[in-house]
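S.K.: Modelling step: build the complete structure from the supplied sequences, incorporating the hints.
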Amino acid sequence: MLGFLLRRLGIALCVAVTVSLISFSLLHLSGDLATAIGGPEASSEQIEQIRVQYGLDKPLATQYVNWLGDVLRLDLGNSFFFQESVYNLIASRLPITLSLGAMALVVALVVAIPLGVLAAVKRDTWIDRLALSIAVLGQAMPSFWFALMLIVLFAVTLHWLPVSGNATWAHFVMPAIALGYYATPAIMRLTRAGMLDVLASDYIRTARAKGLRPGRVLFKHALRNALIPVVAVAAVEFGFMLGGSVVIETVFSLQGIGQLAWDAIARNDFPVVQAVVLLIALIYIVLTLLADLLNAVLDPRIRVR
Amino acid sequence: MSTPATLAINDYLPPPSGLGRRLRHCFGHRGFALGAGLLLLIIIGAVCAPLLAPHDPYAQDVMQRMKPPVWMAKGTWQYPLGTDKLGRDYLSRLLFGARISLFIGLAAAVISGLIGTVLGLLAGYFGGKVDALISYLITTRLAMPVVMVALASASLMGGSLNVVIVLLGCLLWDRFAVVVRAAVQQIRDAEYVAAAQALGCTTPRILFSEILPNLVGALIVVATLEMAHAILLESALSFLGVGVQPPTPSWGLMIAEGKPYMFFSPWVIAIPGVALMLLVLAINLLGDGIRDLILPDGRN
Amino acid sequence: MALLHVENLRVDIPLEGGTLHAVRGLDFVVERGEMLCIVGESGCGKSLTSLALMGLLPRKAQRTATRLSLDGIDLQGQSERQMCDLRGNRLAMIFQEPMTSLNPAYSIGDQLAEVVRQHKKLSRGQAWERAGQMLEKVGISNPAERLQQYPHQLSGGLRQRVVIAMALMCEPDLIIADEPTTALDVTIQAQILRLLRSIQREFGTAVIFITHDLGVVARIADQVAVMYAGEIVEAAPAAELFENPQHPYTRGLLASIPIPGRTQPGQPLGSIPGLVPSLVGVQPGCAFRNRCSQAVDICAQPVAEREVERHRVRCVFAELHQQAPLRAKGGGR
Numbered sequence: 001m002l003g004f005l006l007r008r009l010g011i012a013l014c015v016a017v018t019v020s021l022i023s024f025s026l027l028h029l030s031g032d033l034a035t036a037i038g039g040p041e042a043s044s045e046q047i048e049q050i051r052v053q054y055g056l057d058k059p060l061a062t063q064y065v066n067w068l069g070d071v072l073r074l075d076l077g078n079s080f081f082f083q084e085s086v087y088n089l090i091a092s093r094l095p096i097t098l099s100l101g102a103m104a105l106v107v108a109l110v111v112a113i114p115l116g117v118l119a120a121v122k123r124d125t126w127i128d129r130l131a132l133s134i135a136v137l138g139q140a141m142p143s144f145w146f147a148l149m150l151i152v153l154f155a156v157t158l159h160w161l162p163v164s165g166n167a168t169w170a171h172f173v174m175p176a177i178a179l180g181y182y183a184t185p186a187i188m189r190l191t192r193a194g195m196l197d198v199l200a201s202d203y204i205r206t207a208r209a210k211g212l213r214p215g216r217v218l219f220k221h222a223l224r225n226a227l228i229p230v231v232a233v234a235a236v237e238f239g240f241m242l243g244g245s246v247v248i249e250t251v252f253s254l255q256g257i258g259q260l261a262w263d264a265i266a267r268n269d270f271p272v273v274q275a276v277v278l279l280i281a282l283i284y285i286v287l288t289l290l291a292d293l294l295n296a297v298l299d300p301r302i303r304v305r
Numbered sequence: 001m002s003t004p005a006t007l008a009i010n011d012y013l014p015p016p017s018g019l020g021r022r023l024r025h026c027f028g029h030r031g032f033a034l035g036a037g038l039l040l041l042i043i044i045g046a047v048c049a050p051l052l053a054p055h056d057p058y059a060q061d062v063m064q065r066m067k068p069p070v071w072m073a074k075g076t077w078q079y080p081l082g083t084d085k086l087g088r089d090y091l092s093r094l095l096f097g098a099r100i101s102l103f104i105g106l107a108a109a110v111i112s113g114l115i116g117t118v119l120g121l122l123a124g125y126f127g128g129k130v131d132a133l134i135s136y137l138i139t140t141r142l143a144m145p146v147v148m149v150a151l152a153s154a155s156l157m158g159g160s161l162n163v164v165i166v167l168l169g170c171l172l173w174d175r176f177a178v179v180v181r182a183a184v185q186q187i188r189d190a191e192y193v194a195a196a197q198a199l200g201c202t203t204p205r206i207l208f209s210e211i212l213p214n215l216v217g218a219l220i221v222v223a224t225l226e227m228a229h230a231i232l233l234e235s236a237l238s239f240l241g242v243g244v245q246p247p248t249p250s251w252g253l254m255i256a257e258g259k260p261y262m263f264f265s266p267w268v269i270a271i272p273g274v275a276l277m278l279l280v281l282a283i284n285l286l287g288d289g290i291r292d293l294i295l296p297d298g299r300n
Numbered sequence: 001m002a003l004l005h006v007e008n009l010r011v012d013i014p015l016e017g018g019t020l021h022a023v024r025g026l027d028f029v030v031e032r033g034e035m036l037c038i039v040g041e042s043g044c045g046k047s048l049t050s051l052a053l054m055g056l057l058p059r060k061a062q063r064t065a066t067r068l069s070l071d072g073i074d075l076q077g078q079s080e081r082q083m084c085d086l087r088g089n090r091l092a093m094i095f096q097e098p099m100t101s102l103n104p105a106y107s108i109g110d111q112l113a114e115v116v117r118q119h120k121k122l123s124r125g126q127a128w129e130r131a132g133q134m135l136e137k138v139g140i141s142n143p144a145e146r147l148q149q150y151p152h153q154l155s156g157g158l159r160q161r162v163v164i165a166m167a168l169m170c171e172p173d174l175i176i177a178d179e180p181t182t183a184l185d186v187t188i189q190a191q192i193l194r195l196l197r198s199i200q201r202e203f204g205t206a207v208i209f210i211t212h213d214l215g216v217v218a219r220i221a222d223q224v225a226v227m228y229a230g231e232i233v234e235a236a237p238a239a240e241l242f243e244n245p246q247h248p249y250t251r252g253l254l255a256s257i258p259i260p261g262r263t264q265p266g267q268p269l270g271s272i273p274g275l276v277p278s279l280v281g282v283q284p285g286c287a288f289r290n291r292c293s294q295a296v297d298i299c300a301q302p303v304a305e306r307e308v309e310r311h312r313v314r315c316v317f318a319e320l321h322q323q324a325p326l327r328a329k330g331g332g333r
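The listed protein sequences correspond, in order, to chains A, B and C. Counting along the first sequence from 1, when you hit position 243 you're at 243 in UniProt numbering, and nothing is skipped either side. Counting along the second sequence from 1, when you hit position 141 you're at 141 in UniProt numbering, and nothing is skipped either side. Counting along the third sequence from 1, when you hit position 305 you're at 305 in UniProt numbering, and nothing is skipped either side.
Hints were generated in silico from the structure; no laboratory data involved. All values derive from a computational prediction rather than experimental measurement. Watch out, some of these pointers could steer you wrong.
Computed from the model, here is a short list of chain B residues facing chain A with C-beta under 8 Å [unchecked claim]:
(1) 140
(2) 143
(3) 148
(4) 151
(5) 175
(6) 232
(7) 240
(8) 265
(9) 266
(10) 273
(11) 276
(12) 280
Idealized CB from N, CA, C, for every residue including glycine.
M.R.: Rendered as structure tokens:
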């Protein structure tokens, strides 16, 4: 178990470094940073000055190694635009994005799991078809558009919720729904498929033959097994949500790292973009690792050998 | 007397042959029929946009700004879906916008399909170190936040149709690779592959003439998924202003341009949004339908 | 009074091409402490019969019977909740697949204790203690340790012992065992059979043992019922059935198993040509007639059942020792 863990951690670290390398090269190959920072009016001397000032005159490999060395010392450099250390910027914004992601995940799970279970139990009835239709429709909606429609309905027309900002928990309701709905169809389909599999299994028949009440059969014996794969997917979806938060936070003006990334992208604030991409990749990797561990906790076949 | 043999034979009859009957079989699947019909309508609208559009999608008319669509109180049939802030006809822009979405979806799916299929084929067929390396690439790709990387790159390169297509093509190949890799691993040991090897066929020949044809079904299904994904991502990029640039009529861009007016005229963002949703819905239904029809075991 | 009375039990499954009459009017009784073996090939309706008794038929299948009573309780009149109180408590079931009939997510002790906790007022500790005792009864050594283990850690034979212990937890009046040894190794099979037999004697439990294997029947049965195409074609006390088989199908089955001392080495075993008829739609007459060498025209008419003492046969050629009083029955509509 320990060996397995160490191996997974090793791979995770390698993946994180590779992601940073890829995003580093992608950003550097995409255009000339110095020109981008200097703006259209800058003279060639000024651009040259910027190049030296930010260390952009050195070869790419040197720049990357320097950057990576700094990162390992938790020195993420200074923002070009905000005149603050990237570390502080991220530290102040991350809690907002994490709580948004957590709320979105809760929304997704609370909608998707009961719906998936219901669809499986009431297979081939109108409930099942309704749940599948919701899933198909949900997958087809662009998240930013869904967010805007939520604003029109709940903030503008009904005045139930504030339009944007992050002052109170009420500010998080719409962003969480907009971010969470995207993961709902996948989790719902998975829950439904898992439940259908499990409900047809021999051990469910055994549980019924024991005289257990239908509710107990469903919740103790069926759901537990059907949810094991859902856990892994939920962790992965949480990672995707953090990545997708850039769009939702922009729409709702939530001051999280998504919004930070977008501001940085718009102003060519390269160190910030680089750090956020690395951070999200790292979180995703840790999440998949956690998912594996959680699977082992839930599934005795993995835990006890 | 009736024996179980006759019963079983009826159960295992092959799907009806002949193009007409096969089509009827396909359209018996409700999702497939709905998706295919809807997609066909949108494609016709896009292809025949110059004929169907009542106005020039770029023609501005300051006197006719923000006209509501026909079903609203002040709507007229002159502008069935109203006009935008520059007085351009919304229906015409919508029709031409369908071209952008379809083209980007198709092109991104083709590029990512090529990348993913090649990687998946290599990983599945050769296994060992090649597989380890490519699996590592897939893991890495999955760990990258697509939206953020796409945003940053598009922003630096300057948004345009070509940039968006290349970017999405380079970012969305993971599912192709995963599916192809798994499928090839299954097929690799099949007897006809062994037979081809025994006959001395070259590896590329085996890959492309023995293995690839068996993956066509799965590839089509993944392609529809990724096409839908690419269309949604393009709309998000354009919405944030780093995708397709104005005045091109991209649906995501139309939503962005309508955003300042959404509080008083919600229809300006509702119309392009519904169009996007219908297009993606049609593609997804079609993909699900194809999966059900060609892989009956994979149902549910 | 007998423990279980079954009269005219039918299971119908509506299909697109017509109704499948999977079980077509079964009559049998099970006395307390008696082992009834139901024998038949796959698809003859024996598993559906067991599920019908438990009230666990698939949703589409419909059960009807003129009488279905366990110890005087009318099983057809019970609500779903009342059936839950009977299942696992008064009548229990052992399934065919030990590898998959235990829930992989819970420990053995948890799954055993759950049964008594459902039906009796026992604390968790008491329930686990009882679970340990039962594991010992079914011949599992160091039960305390086994209780903590999960199904995947046990071999098939051990799992089947656990399933038997589970059925015994509430000391039911009747256990239905559906091919409990089919999935096991031959040596393990023998152990499990011996175990079932000894437990049945010790607890005085009635057992309905469902199998396709006449060899198994010969070792354990008190009573035997031979099923073919959803009907009981012959039923008798075990010794009588093996001594004096009357129905051509029973004889065919007996000829197809080797009997030590009677079957000559090298002599080919018997086989029954042909296929089981479709049970969709109405099936008049003897269902076996298309495979029967003795079949005559009259076999296409409904066949009455003859009964002498506890030997019953549904065949026009049956010759029972006593002159059988004909009991007219609408054999197999």
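S.K.: Take the hints in turn and mark each one as holding or not.
M.R.: Results of checking the hints against the structure:
1. 140: holds (5 Å)
2. 143: Constraint on residue 143 of chain B satisfied, holds at 5 Å.
3. 148: holds (5 Å)
4. 151: holds (5 Å)
5. 175: violated (12 Å)
6. 232: Status holds, d = 5 Å.
7. 240: Cβ of residue 240 of chain B sits 7 Å from chain A, so the hint holds.
8. 265: For residue 265 of chain B, the interface hint is violated, since the closest Cβ of chain A sits about 10 Å away, which is over 8 Å.
9. 266: holds (5 Å)
10. 273: holds (4 Å)
11. 276: holds (5 Å)
12. 280: Holds. Min distance 4 Å.
Of the hints listed earlier, those the structure fails to meet are numbers 5 and 8, in rising order.
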